[in-house]
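Can you make the complete structure from the sequences, with help from the hints?
Taken in order, these protein sequences are the chains called A and B.
Letter by letter, the first sequence follows residues 1 to 386 of the UniProt record's numbering.
Letter by letter, the second sequence follows residues 1 to 364 of the UniProt record's numbering.
A couple of the hints might just be wrong.
[To be verified] With a cut-off of at most 30 Å between alpha-carbon atoms, the simulated DSS-like pairs for lysine-lysine come out as follows:
| hint | chain 1 | residue 1 | chain 2 | residue 2 |
| --- | --- | --- | --- | --- |
| 1 | B | K140 | B | K99 |
| 2 | A | K36 | B | K243 |
| 3 | B | K13 | A | K317 |
| 4 | B | K340 | B | K14 |
| 5 | A | K122 | A | K37 |
| 6 | A | K163 | A | K122 |
| 7 | A | K266 | B | K14 |
| 8 | B | K242 | B | K340 |
| 9 | A | K317 | B | K14 |
| 10 | A | K266 | A | K122 |
| 11 | A | K36 | B | K242 |
| 12 | B | K333 | B | K46 |
| 13 | A | K162 | A | K119 |
| 14 | A | K176 | B | K13 |
| 15 | A | K353 | A | K317 |
| 16 | A | K317 | A | K37 |
| 17 | B | K42 | B | K322 |
| 18 | B | K22 | B | K87 |
| 19 | A | K223 | B | K13 |
| 20 | B | K242 | A | K37 |
| 21 | B | K317 | B | K42 |
| 22 | A | K122 | A | K65 |
| 23 | B | K153 | A | K36 |
| 24 | B | K243 | B | K317 |
| 25 | A | K223 | B | K14 |
| 26 | A | K223 | A | K317 |
| 27 | A | K223 | B | K22 |
| 28 | A | K119 | A | K163 |
| 29 | A | K65 | A | K134 |
| 30 | B | K340 | B | K243 |
| 31 | A | K317 | B | K99 |
| 32 | B | K139 | B | K46 |
| 33 | A | K317 | B | K22 |
| 34 | A | K353 | A | K65 |
| 35 | B | K139 | B | K13 |
| 36 | A | K163 | A | K37 |
| 37 | A | K266 | B | K13 |
| 38 | B | K322 | B | K92 |
| 39 | A | K37 | B | K243 |
Read the hints as simulated data drawn from the structure, not as lab findings.
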Amino acid sequence: CALCQDFHLKMNLIRLFLAKSANMTHQYPALTPEQKKELQDIAERIVAPGKGILAADESTGSMAKRLNPIGVENTEENRRRYRQLLFTADERINSCIGGVIFFHETLYQSTDDGVNFSKLIKDRGIVVGIKVDKGVVPLAGTNGETTTQGLDGLSERCAQYKKDGADFAKWRCVLKISDTTPSELAIFENANVLARYASICQQNGIVPIVEPEILPDGDHDLKRCQYVSEKVLAAVYKALSDHHVYLEGTLLKPNMVTAGHSCPNKYSAEEIAMATVTALRRTVPPAVTGVTFLSGGQSEEEASVNLNAINNCPLAKPWALTFSYGRALQASALNAWKGELNNEKAATEEFIKRAEANGLAAQGKYESSGTAGAAGQSLYVANHAY
Amino acid sequence: MTHQFPSLSPEQKKELSEIAQKIVAPGKGILAADESTGTMGKRLQKINVENNEENRRCFRDLLFSVDPSIANSIGGVIFFHETLYQKANSGKLFPQVIKEKGIVVGIKVDKGTAGLNGTDGETTTQGLDGLSERCAQYKKDGCDFAKWRCVLKISDGCPSALAIAENANVLARYASICQQNGLVPIVEPEILPDGDHDLQRCQYVTEKVLAAVYKALSDHHVYLEGTLLKPNMVTAGHSCPKKFTPAEVAMATVTALRRTVPASVPGICFLSGGQSEEEASLNLNAINQVPLLRPWKLTFSYGRALQASALAAWQGKAANMKAAQEAFSTRAKINGQASKGEYKPSGTADTASMKSLYTASYVY
Chain A
1 CALCQDFHLK MNLIRLFLAK SANMTHQYPA LTPEQKKELQ DIAERIVAPG
51 KGILAADEST GSMAKRLNPI GVENTEENRR RYRQLLFTAD ERINSCIGGV
101 IFFHETLYQS TDDGVNFSKL IKDRGIVVGI KVDKGVVPLA GTNGETTTQG
151 LDGLSERCAQ YKKDGADFAK WRCVLKISDT TPSELAIFEN ANVLARYASI
201 CQQNGIVPIV EPEILPDGDH DLKRCQYVSE KVLAAVYKAL SDHHVYLEGT
251 LLKPNMVTAG HSCPNKYSAE EIAMATVTAL RRTVPPAVTG VTFLSGGQSE
301 EEASVNLNAI NNCPLAKPWA LTFSYGRALQ ASALNAWKGE LNNEKAATEE
351 FIKRAEANGL AAQGKYESSG TAGAAGQSLY VANHAY
Chain B
1 MTHQFPSLSP EQKKELSEIA QKIVAPGKGI LAADESTGTM GKRLQKINVE
51 NNEENRRCFR DLLFSVDPSI ANSIGGVIFF HETLYQKANS GKLFPQVIKE
101 KGIVVGIKVD KGTAGLNGTD GETTTQGLDG LSERCAQYKK DGCDFAKWRC
151 VLKISDGCPS ALAIAENANV LARYASICQQ NGLVPIVEPE ILPDGDHDLQ
201 RCQYVTEKVL AAVYKALSDH HVYLEGTLLK PNMVTAGHSC PKKFTPAEVA
251 MATVTALRRT VPASVPGICF LSGGQSEEEA SLNLNAINQV PLLRPWKLTF
301 SYGRALQASA LAAWQGKAAN MKAAQEAFST RAKINGQASK GEYKPSGTAD
351 TASMKSLYTA SYVY
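Next up, the structure:
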């Protein structure tokens with residue numbers, strides 16, 4: 001009746017008011033113990049000792065940038081053939097690849113024999129991940145800064161991806177260093193959207209990889225990058241706390257702390273390692289299961305040598321420190337392939353080589369054999385966006 | 001937020017970091033002897049001793065002139081302002097007595113809590129006015145670290161967002177000012193154990209408070225390697241009908257810290273709150289046995305939990321001094337062991353069977 005409806009309406013308003021005024025004081029657990037356990041187990045499997053991530057989630061547009069330089073047409077079939085030669089690598093990668101990040105299209109593609117890629121990867125004990133963001137969009141009123149979109153319907157998409165074999169996701173935010181950036185808004189907004197994404201993923205049994213990439217573009221020095229990295233990561237972890245994200249069921253995918261590409265000063269791997277580990281120690285809570293670095297524009301060899309130095313840094317490092325590499329795992333493979341069927345085996349070998357190198361680097365056991373060949377060439381692309 | 005204007009030189013950072021490491025050297029913790037005049041009144045009243053300057057001096061002298069081997073368990077002593085300028089029976093200034101034992105001298109610098117209007121009896125802490133000049137003077141007078149206590153409470157509507165933000169901010173301002181003057185700031189965001197809330201609630205609130213504290217420290221450009229944290233352990237409220245074991249307290253505490261305190265913080269020195277001496281030692285010991293990675297030292301900064309027996313033995317009588325000193329030394333030694341997870345009270349289970357107590361009724 002009308003009276004009852006009015007009463008209930010008033011009660012709901014009162015409840016809402018009380019809930020708002022008691023905002024930080026009571027816990028409304030976001031996850032059950034079982035959900036937490038599942039998330040933590042997934043995260044730990046991905047970054048098990050000696051393992052890292054193959055980031056094979058290049059969007060269609062990004063794949064064009066990979067395939068054009070080797071004279072291969074950017075068709076769905078070519079993209080399928082290329083991912084196939086990575087995913088069918090032999091058992092040697094099982095001990096160094098803990099997870100593979102897919103692009104949506106790839107999740108539903110199959111091998112020549114009709115085996116679904118997601119199933120193929122999962123059946124060999126490697127965790128399947130999926131890129132879920134929908135690219136960057138500008139932040140009006142800033143100096144060309146961005147946030148990342150993709151929250152709409154994200155929960156439903158995650159639920160579907162979980163059914164289709166995915167156990168982790170990835171979302172990339174981008175910040176840049178200049179005289180006026182990153183601005184407070186960019187830091188805050190990107191941290192917030194990463195936290196929303198992470199929260200939604202966890203509700204659907206998906207481990208979120210949180211990626212606040214600070215681009216290497218610019219002439220800033222190592223110290224500047226370290227300073228900015230610390231500010232960005234502090235904001236990220238405050239946002240994750242505010243959004244009640246379960247840290248043990250997350251991974252972080254940050255940039256290493258490096259000087260900008262146009263910086264006149266050059267820094268050694270040890271300097272990069274020290275700056276990186278210091279920044280992380282100041283910001284990333286020990287509860288975070290693992291840190292999986294992006295390779296940015298680093299060459300394959302650089303990325304391995306730096307990761308190795310990071311793992312040899314003489315400071316206490318309470319999280320796994322490993323790789324989530326795209327270009328730095330695939331550059332040589334792409335060059336060897338050039339789209340030719342006859343080159344597939346050789347291309348796969350190149351990938352396996354880099355996977356093993358990085359598996360060693362993730363344990364601080366990598367011995368660089370020089371920077372000859374494609375492995376040494378800088379993979380820097382100005383103002384990189386996928 | 002884009003450019004760094006370094007607040008400390010490399011030399012300043014090195015000095016702060018070394019002081020902090022010295023205080024929380026393995027097996028060592030802090031004697032919190034910084035009871036204000038009013039608080040000392042409460043302690044002395046219990047043993048029917050008059051609260052005058054001489055009695056306060058006498059009791060501190062009792063503590064500070066124990067055998068130098070105390071330095072194996074005590075890395076730092078926090079002073080109250082009055083005590084910093086008092087002398088031992090030997091005629092030496094107290095800071096000198098402490099320093100000669102190889103123990104670092106600290107000073108309480110806050111000026112007590114002040115009401116936050118429009119809240120349910122919540123507070124912030126005052127003391128920022130002229131703090132830089134005070135710190136500079138304390139440094140000259142032998143201090144190398146400072147302490148500032150903020151207080152939060154758990155109830156249906158507390159802690160409020162304002163209380164959390166304001167206390168985190170004032171702690172960060174204090175920390176920043178200390179470091180400018182070569183003093184290591186001990187950051188103390190105490191969440192009171194008053195109330196009937198359970199362990200889980202305390203853990204939740206502690207995580208929110210500490211996340212805010214470390215965000216504020218980052219915003220204020222505080223050098224974490226040159227700080228210490230003095231938090232409450234995660235415990236149920238005093239009136240909570242459910243009781244929790246030291247293992248449960250330890251797991252909840254370490255989990256909360258792992259989720260919020262960066263690894264670069266060299267040490268976490270727990271306050272004892274209303275815990276008994278033995279409780280405080282057992283809990284600290286259990287904390288140091290939790291099978292999770294703990295990248296900071298986990299030790300004590302105890303007031304009552306180091307002094308209760310000593311006070312009771314002393315009773316204000318010179319004849320009881322040795323017994324009182326014995327009591328203090330014993331607690332110091334026990335807590336030193338607890339800070340390494342090596343305290344074995346007679347008649348309790350060994351480490352292996354302690355581990356079985358970690359099976360949680362809930363996932364932390």
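Structure-based check of each hint:
no.: 1; hint: K140/B x K99/B; in the structure: 13 Å, holds
no.: 2; hint: K36/A x K243/B; in the structure: 25 Å, holds
no.: 3; hint: K13/B x K317/A; in the structure: 20 Å, holds
no.: 4; hint: K340/B x K14/B; in the structure: 26 Å, holds
no.: 5; hint: K122/A x K37/A; in the structure: 19 Å, holds
no.: 6; hint: K163/A x K122/A; in the structure: 13 Å, holds
no.: 7; hint: K266/A x K14/B; in the structure: 25 Å, holds
no.: 8; hint: K242/B x K340/B; in the structure: 28 Å, holds
no.: 9; hint: K317/A x K14/B; in the structure: 20 Å, holds
no.: 10; hint: K266/A x K122/A; in the structure: 41 Å, violated
no.: 11; hint: K36/A x K242/B; in the structure: 24 Å, holds
no.: 12; hint: K333/B x K46/B; in the structure: 25 Å, holds
no.: 13; hint: K162/A x K119/A; in the structure: 12 Å, holds
no.: 14; hint: K176/A x K13/B; in the structure: 28 Å, holds
no.: 15; hint: K353/A x K317/A; in the structure: 27 Å, holds
no.: 16; hint: K317/A x K37/A; in the structure: 23 Å, holds
no.: 17; hint: K42/B x K322/B; in the structure: 23 Å, holds
no.: 18; hint: K22/B x K87/B; in the structure: 24 Å, holds
no.: 19; hint: K223/A x K13/B; in the structure: 15 Å, holds
no.: 20; hint: K242/B x K37/A; in the structure: 25 Å, holds
no.: 21; hint: K317/B x K42/B; in the structure: 18 Å, holds
no.: 22; hint: K122/A x K65/A; in the structure: 28 Å, holds
no.: 23; hint: K153/B x K36/A; in the structure: 28 Å, holds
no.: 24; hint: K243/B x K317/B; in the structure: 38 Å, violated
no.: 25; hint: K223/A x K14/B; in the structure: 17 Å, holds
no.: 26; hint: K223/A x K317/A; in the structure: 20 Å, holds
no.: 27; hint: K223/A x K22/B; in the structure: 28 Å, holds
no.: 28; hint: K119/A x K163/A; in the structure: 11 Å, holds
no.: 29; hint: K65/A x K134/A; in the structure: 18 Å, holds
no.: 30; hint: K340/B x K243/B; in the structure: 25 Å, holds
no.: 31; hint: K317/A x K99/B; in the structure: 33 Å, violated
no.: 32; hint: K139/B x K46/B; in the structure: 34 Å, violated
no.: 33; hint: K317/A x K22/B; in the structure: 21 Å, holds
no.: 34; hint: K353/A x K65/A; in the structure: 23 Å, holds
no.: 35; hint: K139/B x K13/B; in the structure: 16 Å, holds
no.: 36; hint: K163/A x K37/A; in the structure: 19 Å, holds
no.: 37; hint: K266/A x K13/B; in the structure: 25 Å, holds
no.: 38; hint: K322/B x K92/B; in the structure: 20 Å, holds
no.: 39; hint: K37/A x K243/B; in the structure: 25 Å, holds
Hint compliance for this structure: hints 10, 24, 31, 32 are broken, all remaining hints hold.
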